[in-house]
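Chemist: Residues per chain are reported as follows:
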Amino acid sequence: MATADEIRELMRTEGAAIAENTQGFNTGRYDSVSDLEDYEDLKRAARSIKEDAIAELPDLLDQLTETVEANGGSVYIADDAADANEYIRDVADERAADRAVKSKSMTSEEIEVNEALEADGVDVVETDLGEWVLQVADEAPSHIVAPAIHKSRESIAELFNERFDPDEPLETAEELTHFAREKLGEQIIDAEVGITGANFIAADTGTMALVTSEGNARKTVAATDTHVAVAGVEKVIPTVADLHPFIELIGRSGTGQDITSYVSLLTPPVDTPVVDFTDDETPLSEFDSDRDFHLVLIDNGRLEMRDDEQLRETLYCIRCSACSNSCANFQSVGGHAFGGETYSGGIATGWEAGIEGLDVAEEFNDLCTGCTRCVNACPVGIDIPWINTVVRDRINRDKDAPGEWLVDGLTPDEEDDGAPLQKRFFGNFETVAKLGSATAPVSNWLAETTLARQTMARVLGIDPRRDLPTFERQTLVDWAAARDSQITNPERRAVLYPDLYTNHVQVERGKAAVRVLESLGVDVVVPPAPSSGRAPLSQGMVSTATDHAERVTEILEPHIEDGRDVVVIEPSDHAMFTREYERLLDEPAFTDIAANSYEVFEYLFGLLDNGASTDSLSTVTGAEIAYHSHCQQRTLGLEAHTVAVLEACGYDVVTSDVECCGMAGSFGYKSDYYELSMDVGDRLRTQLRDDGVQDRPVVASGTSCLEQIDALLERQPRHPIELLAT
Amino acid sequence: MESKRASFEGALEALGVTVASTTESELEAAVTEAVTEPAVGVPPDEAVADEAFSLTETPVTVDPTPVALREATTGVTEAELGIGDYGSLVLSMTDQASELVSLFVERHVAILYEEDIQPDMDAAVAELDERFNETGESAIIATGPSATADMGALVKGAHGPKEVHVIIVEEEA
Numbered sequence: 035m036a037t038a039d040e041i042r043e044l045m046r047t048e049g050a051a052i053a054e055n056t057q058g059f060n061t062g063r064y065d066s067v068s069d070l071e072d073y074e075d076l077k078r079a080a081r082s083i084k085e086d087a088i089a090e091l092p093d094l095l096d097q098l099t100e101t102v103e104a105n106g107g108s109v110y111i112a113d114d115a116a117d118a119n120e121y122i123r124d125v126a127d128e129r130a131a132d133r134a135v136k137s138k139s140m141t142s143e144e145i146e147v148n149e150a151l152e153a154d155g156v157d158v159v160e161t162d163l164g165e166w167v168l169q170v171a172d173e174a175p176s177h178i179v180a181p182a183i184h185k186s187r188e189s190i191a192e193l194f195n196e197r198f199d200p201d202e203p204l205e206t207a208e209e210l211t212h213f214a215r216e217k218l219g220e221q222i223i224d225a226e227v228g229i230t231g232a233n234f235i236a237a238d239t240g241t242m243a244l245v246t247s248e249g250n251a252r253k254t255v256a257a258t259d260t261h262v263a264v265a266g267v268e269k270v271i272p273t274v275a276d277l278h279p280f281i282e283l284i285g286r287s288g289t290g291q292d293i294t295s296y297v298s299l300l301t302p303p304v305d306t307p308v309v310d311f312t313d314d315e316t317p318l319s320e321f322d323s324d325r326d327f328h329l330v331l332i333d334n335g336r337l338e339m340r341d342d343e344q345l346r347e348t349l350y351c352i353r354c355s356a357c358s359n360s361c362a363n364f365q366s367v368g369g370h371a372f373g374g375e376t377y378s379g380g381i382a383t384g385w386e387a388g389i390e391g392l393d394v395a396e397e398f399n400d401l402c403t404g405c406t407r408c409v410n411a412c413p414v415g416i417d418i419p420w421i422n423t424v425v426r427d428r429i430n431r432d433k434d435a436p437g438e439w440l441v442d443g444l445t446p447d448e449e450d451d452g453a454p455l456q457k458r459f460f461g462n463f464e465t466v467a468k469l470g471s472a473t474a475p476v477s478n479w480l481a482e483t484t485l486a487r488q489t490m491a492r493v494l495g496i497d498p499r500r501d502l503p504t505f506e507r508q509t510l511v512d513w514a515a516a517r518d519s520q521i522t523n524p525e526r527r528a529v530l531y532p533d534l535y536t537n538h539v540q541v542e543r544g545k546a547a548v549r550v551l552e553s554l555g556v557d558v559v560v561p562p563a564p565s566s567g568r569a570p571l572s573q574g575m576v577s578t579a580t581d582h583a584e585r586v587t588e589i590l591e592p593h594i595e596d597g598r599d600v601v602v603i604e605p606s607d608h609a610m611f612t613r614e615y616e617r618l619l620d621e622p623a624f625t626d627i628a629a630n631s632y633e634v635f636e637y638l639f640g641l642l643d644n645g646a647s648t649d650s651l652s653t654v655t656g657a658e659i660a661y662h663s664h665c666q667q668r669t670l671g672l673e674a675h676t677v678a679v680l681e682a683c684g685y686d687v688v689t690s691d692v693e694c695c696g697m698a699g700s701f702g703y704k705s706d707y708y709e710l711s712m713d714v715g716d717r718l719r720t721q722l723r724d725d726g727v728q729d730r731p732v733v734a735s736g737t738s739c740l741e742q743i744d745a746l747l748e749r750q751p752r753h754p755i756e757l758l759a760t
Numbered sequence: 125m126e127s128k129r130a131s132f133e134g135a136l137e138a139l140g141v142t143v144a145s146t147t148e149s150e151l152e153a154a155v156t157e158a159v160t161e162p163a164v165g166v167p168p169d170e171a172v173a174d175e176a177f178s179l180t181e182t183p184v185t186v187d188p189t190p191v192a193l194r195e196a197t198t199g200v201t202e203a204e205l206g207i208g209d210y211g212s213l214v215l216s217m218t219d220q221a222s223e224l225v226s227l228f229v230e231r232h233v234a235i236l237y238e239e240d241i242q243p244d245m246d247a248a249v250a251e252l253d254e255r256f257n258e259t260g261e262s263a264i265i266a267t268g269p270s271a272t273a274d275m276g277a278l279v280k281g282a283h284g285p286k287e288v289h290v291i292i293v294e295e296e297a
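These protein sequences, in sequence, are chains A and B.
Throughout, the working numbering is defined as the position within the first sequence, counted from one, plus 34.
Throughout, the working numbering is defined as the position within the second sequence, counted from one, plus 124.
No lab work stands behind these hints, which were simulated from the structure alone.
The beta-carbon is built from N, C-alpha and C at its ideal position, and this holds for glycine as well.
Warning: the hint list may mix true and false statements.
From chain A, some residues computed to sit far from chain B (all C-beta separations above 10 Å) [said to hold, decoys possible]:
1) N105
2) D114
3) E173
4) R187
5) E188
6) V274
7) D333
8) E542
9) I589
10) V654
11) G671
Pairwise CB distance ranges, derived in the manner of DEER restraints [said to hold, decoys possible]:
12) B/E157 / A/D310: 42 to 48 Å
13) B/T160 / A/D65: 32 to 38 Å
14) B/E137 / A/D65: 14 to 20 Å
15) A/E54 / B/T160: 32 to 38 Å
16) B/P183 / A/E202: 29 to 35 Å
17) A/D643 / B/T259: 55 to 61 Å
18) B/T259 / A/D199: 46 to 52 Å
19) A/D113 / B/P183: 32 to 38 Å
20) B/A297 / A/E188: 53 to 59 Å
21) B/T160 / A/D124: 41 to 47 Å
22) B/T160 / A/Y64: 57 to 63 Å
23) A/D310 / B/T259: 25 to 31 Å
24) A/A171 / B/T142: 34 to 40 Å
Only some residues are given here: those of chain B computed to face chain A with a beta carbon under 8 Å [stated by the list, open to error]:
25) V143
26) M245
27) N257
28) G260
29) I265
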């Protein structure tokens with residue numbers, strides 16, 4: 035695990051360049067996909083092609099092998115990195131190659147082919163400018179698409195000037211690019227072997243697609259007589275026609291370009307003549323195109339991933355980097371913290387768990403807060419947070435159960451194969467909250483004592499700089515039980531789900547929700563209910579979360595049968611009911627709860643849309659307000675409902691558009707991540723302090739968003755429902 | 125026809141690619157005007173048999189030596205297809221070394237027959253799917269000049285051309 039010190043150091047040295055670049059890519063993605071009329075259809079098509087291809091993988095590999103060999107190339111399916119490298123070394127040896135030029139490929143990073151060839155005395159030159167910068171600097175990539183994203187122009191200039199001592203010091207991006215182009219150009223035309231990756235390979239014709247912008251892949255193939263393409267077995271798709279959605283999606287998803295400058299569709303060996311670049315006598319067309327082609331397909335754990343129900347989706351990944359760029363934590367720390375030996379970003383947990391093992395995945399897995407901002411960004415619809423949760427669970431179970439003595443009593447429903455103490459504390463926060471409310475205000479006073487904070491910091495890793503939630507003595511459920519419904523002839527009937535925080539901490543927003551619903555003619559009940567399981571799920575405690583899901587269903591099911599709608603205040607719990615429960619419950623139970631659950635403002639929007647009037651609500655005339663939606667609410671497409679209802683009630687609303695507030699539940703409480711959480715939060719603070727926003731009261735939908743904004747600003751935020759209650 | 129050509133030209137303009145229109149009989153003049161010398165080139169397939177537009181009356185050296193290629197500023201090749209919605213050009217990889225000529229230069233001049241403009245990427249890939257299955261050939265979908273952002277700002281002309289110019293050949297009236 036990256037320590038707080040390492041994270042702090044990376045934020046200091048690489049954070050600014052990473053933030054600027056990833057946010058630029060991410061904004062570009064939003065702009066570029068908004069121009070696509072059929073974006074969702076393209077994503078569905080891409081997903082379906084990958085699903086089928088992985089299902090049919092063994093047959094496709096056979097077909098591809100046959101096709102490539104019929105075309106005159108060779109195919110080698112390597113079990114692992116060593117096997118692949120041995121084959122590639124033999125190819126270089128047979129060609130008596132002094133130099134291999136390489137076009138950027140993550141798979142070749144995975145097998146560390148450079149080191150293998152260099153051990154044989156082959157000069158390996160990276161031709162992608164970003165990769166070359168890293169080769170010169172002797173550093174590892176920090177991003178799967180833009181490997182040197184963590185380096186600024188200034189630091190590259192300094193590196194080049196020191197290393198190459200040019201006549202005139204290099205300074206501008208143009209000068210640096212031109213210098214690299216000249217230097218690499220000479221080495222490319224002088225090389226014998228060209229190594230590339232392959233983004234996609236069509237089994238029907240043996241055509242491979244290479245997605246680049248610089249033209250180095252084209253030169254790497256055209257200027258050498260031996261082409262080695264290295265790719266994971268998962269890159270095979272059935273036909274050339276299947277390339278269509280990927281060509282439309284890959285650049286847009288990654289860097290926000292509609293399309294990269296070049297998509298090479300090569301059916302090797304290609305017809306381009308192999309020329310001697312020093313020849314001033316022979317016309318180009320008189321050289322022959324005698325060229326060897328070797329396709330090295332690497333398993334390295336992938337076929338086992340294919341058999342793994344949970345990791346299989348990882349193989350649909352097209353390495354576009356959308357999950358990295360849309361990730362608030364990645365925007366702050368980059369792939370040197372948020373990544374393993376090769377892969378980085380959200381999807382890296384799946385890759386590293388599959389090809390390297392849980393120990394490598396563990397080093398960065400906790401940097402995924404489960405905010406789901408990457409879910410809609412992924413062009414093949416991979417549920418990346420779910421993969422991260424599953425791997426977290428497996429990591430937990432790999433460990434010995436620690437410290438029973440402390441959490442016993444606090445954790446009656448702990449998992450048998452214990453998660454680490456800190457995870458179990460946060461995962462079983464329901465028990466803490468019950469105890470907190472039952473003993474408030476003593477519990478609140480006690481929790482804030484120096485001794486308690488020191489103990490929590492030492493034993494549980496809870497950062498002393500973070501304010502703790504204040505428990506209310508009277509829970510929402512108790513309050514509701516002590517009063518009668520105000521509705522005699524209801525328009526609709528609802529069960530308001532008393533989530534953990536609304537019930538114990540944010541009781542006021544719960545009361546406000548009841549009052550607002552009643553003023554719109556809704557009969558409301560607030561039964562005691564277990565917490566949704568969001569907290570244990572975040573800690574990778576999947577069986578505890580499943581247990582919660584089943585108990586919640588038992589409570590809500592009779593109400594649903596009775597014709598009540600389920601209204602949920604906390605967006606992360608609403609997301610549990612409509613997203614994650616699909617993984618935890620059987621299908622009929624999930625469908626029932628998902629179809630009948632509404633986020634509270636989504637529900638209000640529906641009521642108003644169906645003729646209810648805002649007259650009975652508290653309204654204003656043009657009052658200015660700033661609204662911060664919640665990650666999971668945005669993933670579900672529910673931000674607009676809150677804005678629309680607030681506007682209907684007379685508010686002038688501006689919304690934040692940073693990916694995340696940085697709190698994401700327990701994450702922001704942990705000492706290891708406190709500073710990262712605040713760094714992410716700083717981007718939201720900046721927006722909320724912008725001209726025209728700085729004087730606006732702030733409302734936010736999520737509990738952790740409210741806590742984070744409270745820590746970031748002087749202005750105390752509220753839940754928007756509190757504005758509407760009379 | 126008009127709308128896909130209009131969208132193609134609009135997309136090219138957005139990419140910073142310049143466009144000229146001509147007819148087969150005026151092609152050599154258009155090429156002459158478009159190139160910055162020294163220039164090398166591969167004449168369009170359709171023109172090979174016909175001296176009138178085989179680039180012989182242009183400053184373009186057809187079938188140059190490798191050294192001449194490296195010293196050239198402009199490379200002239202045909203584009204097999206144009207793609208309306210993206211402004212992309214489909215470049216083939218021939219035994220005439222079109223790939224080298226379109227890539228190892230600063231300025232690429234692409235000759236495109238108007239009838240080869242496809243409306244969108246979907247249609248273009250469908251066409252390539254058919255061709256590849258018949259002939260086993262290769263192609264490059266090239267969109268604008270080569271570019272990189274790896275050095276801290278967007279720079280055109282990374283490893284490939286930094287300028288692209290398209291000559292659209294219309295049917296004679």
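Chemist: Each hint should be assessed against the structure and marked as holding or not.
Modeler: Evaluation of the provided hints:
1. N105: 6 Å, violated
2. D114: Nearest chain B Cβ is 30 Å from A/D114, so the label holds.
3. E173: Holds: least Cβ distance 13 Å, greater than 10 Å.
4. R187: 3 Å, violated
5. E188: 8 Å, violated
6. V274: 4 Å, violated
7. D333: 27 Å, holds
8. E542: About 49 Å separates A/E542 from the closest Cβ of chain B, which puts it past 10 Å; holds.
9. I589: A/I589 is indeed farther than 10 Å from all Cβ atoms of chain B, at 50 Å.
10. V654: 44 Å, holds
11. G671: About 27 Å separates A/G671 from the closest Cβ of chain B, which puts it past 10 Å; holds.
12. B/E157 / A/D310: 42 to 48 Å: 33 Å, violated
13. B/T160 / A/D65: 32 to 38 Å: Because 34 Å falls inside the window, the suggested range holds.
14. B/E137 / A/D65: 14 to 20 Å: 18 Å, holds
15. A/E54 / B/T160: 32 to 38 Å: Holds: the Cβ-Cβ distance is about 36 Å, inside 32 to 38 Å.
16. B/P183 / A/E202: 29 to 35 Å: 33 Å, holds
17. A/D643 / B/T259: 55 to 61 Å: 57 Å, holds
18. B/T259 / A/D199: 46 to 52 Å: Because 50 Å falls inside the window, the suggested range holds.
19. A/D113 / B/P183: 32 to 38 Å: Since A/D113 and B/P183 have Cβ atoms about 56 Å apart, the given range 32 to 38 Å is violated.
20. B/A297 / A/E188: 53 to 59 Å: Since B/A297 and A/E188 have Cβ atoms about 57 Å apart, the given range 53 to 59 Å holds.
21. B/T160 / A/D124: 41 to 47 Å: At roughly 45 Å between Cβ atoms, A/D124 and B/T160 fall inside 41 to 47 Å, so the hint holds.
22. B/T160 / A/Y64: 57 to 63 Å: Given range 57 to 63 Å: violated, Cβ gap about 39 Å.
23. A/D310 / B/T259: 25 to 31 Å: 28 Å, holds
24. A/A171 / B/T142: 34 to 40 Å: 38 Å, holds
25. V143: This interface hint is violated because 18 Å lies over the 8 Å limit.
26. M245: With Cβ-Cβ at 6 Å, under 8 Å, it holds.
27. N257: Holds, because the Cβ-Cβ distance from B/N257 to chain A comes to roughly 6 Å (cut-off 8 Å).
28. G260: 5 Å, holds
29. I265: 4 Å, holds
Of the numbered hints stated above, those contradicted by the structure are hints 1, 4, 5, 6, 12, 19, 22, 25, listed in ascending order.
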